[in-house]
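Asker: Given the structure of chain Y, go ahead and fit chain X onto it with the hints provided.
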Amino acid sequence: AQKVTQAQTEISVVEKEDVTLDCVYETRDTTYYLFWYKQPPSGELVFLIRRNSFDEQNEISGRYSWNFQKSTSSFNFTITASQVVDSAVYFCALSEVEYSGAGSYQLTFGKGTKLSVIP
Amino acid sequence: SQTIHQWPATLVQPVGSPLSLECTVEGTSNPNLYWYRQAAGRGLQLLFYSVGIGQISSEVPQNLSASRPQDRQFILSSKKLLLSDSGFYLCAWSVDQKETQYFGPGTRLLVL
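Chains Y and X, in that order, are what the protein sequence lines are.
Residue numbers for the first sequence follow the numbering used here, beginning at 28 and rising by one.
Residue numbers for the second sequence follow the numbering used here, beginning at 491 and rising by one.
Okay, chain Y solo, but in the shape it has when bound (with noise of 0.2 Å):
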């Protein structure tokens, strides 16, 4: 079964120092895909990133970052210059593209890293 385990619980910075938020993932499969999402004080959750096992080349959007490492089963998450609004919940997520069986191709999510960005 796919697992996702992000062992952060909490973390705090001060505005402008950068911060990552680390996102390790079990699967058994070899074609899958990997999604950050935020999820602000609203409630709402927020699409980051999504990206194919087979593509492991780093990604930058702004000031965010993030590192793909398959040998490791990691998918870290980097904010550079962190800011007031980047205060949020962030969830990584592993979905199996190959078809299990069980009717479902599950979205697993862990279970989340809360961010407190100090102004």
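All clues stand as given, with none of them false.
Here chain Y is said to cover these stretches of chain X; the calculated rule only asks that three of the stretch's residues, wherever they fall, bring their Cβ under 8 Å from a Cβ of chain Y: (1) 533–543; (2) 585–591.
Subject to a maximum C-alpha distance of 25 Å in a straight line, what follows is the list of computed DSS-like cross-link-like pairs (lysine-lysine): (3) Lys97(Y) <-> Lys588(X); (4) Lys138(Y) <-> Lys588(X); (5) Lys30(Y) <-> Lys588(X); (6) Lys141(Y) <-> Lys30(Y); (7) Lys65(Y) <-> Lys588(X); (8) Lys97(Y) <-> Lys65(Y); (9) Lys65(Y) <-> Lys138(Y).
Ranges of calculated distance between the beta carbons of each label pair, as one might list FRET restraints: (10) Val41(Y) <-> Lys570(X): 45 to 55 Å; (11) Ala28(Y) <-> Gly542(X): 23 to 33 Å; (12) Gly517(X) <-> Thr107(Y): 30 to 40 Å; (13) Pro559(X) <-> Ala108(Y): 46 to 56 Å; (14) Ala108(Y) <-> Lys570(X): 46 to 56 Å; (15) Ser88(Y) <-> Val585(X): 19 to 29 Å; (16) Gly542(X) <-> Ala108(Y): 41 to 51 Å.
Read the hints as simulated data drawn from the structure, not as lab findings.
From the three backbone atoms N, C-alpha and C, an ideal C-beta is built for every residue, glycine too.
Answerer: Just chain X now, with coordinates in the frame of chain Y:
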């Protein structure tokens, strides 16, 4: 562009009362639809998903049920609420089961 709506935004219900939460998607056809629950703290639990009208799959046995009466409408129901049903309910949609899920604004349910 696609948008997803949920209502109500907040709901306070007594134990034993019925429940009906609604989710609608605009701007797409034949979406896959999902209901998740997030209990106090965090952690999302998939409750139901649907690949088409009238097709519902349940992931967690409980006193909740789901229905999809129209292509872009997904309803979460209960005949009698329990205290443990309190939580944040999120609806999501995707083009198909392999694609990214996009979430609605959620409904906060408090059962007293």
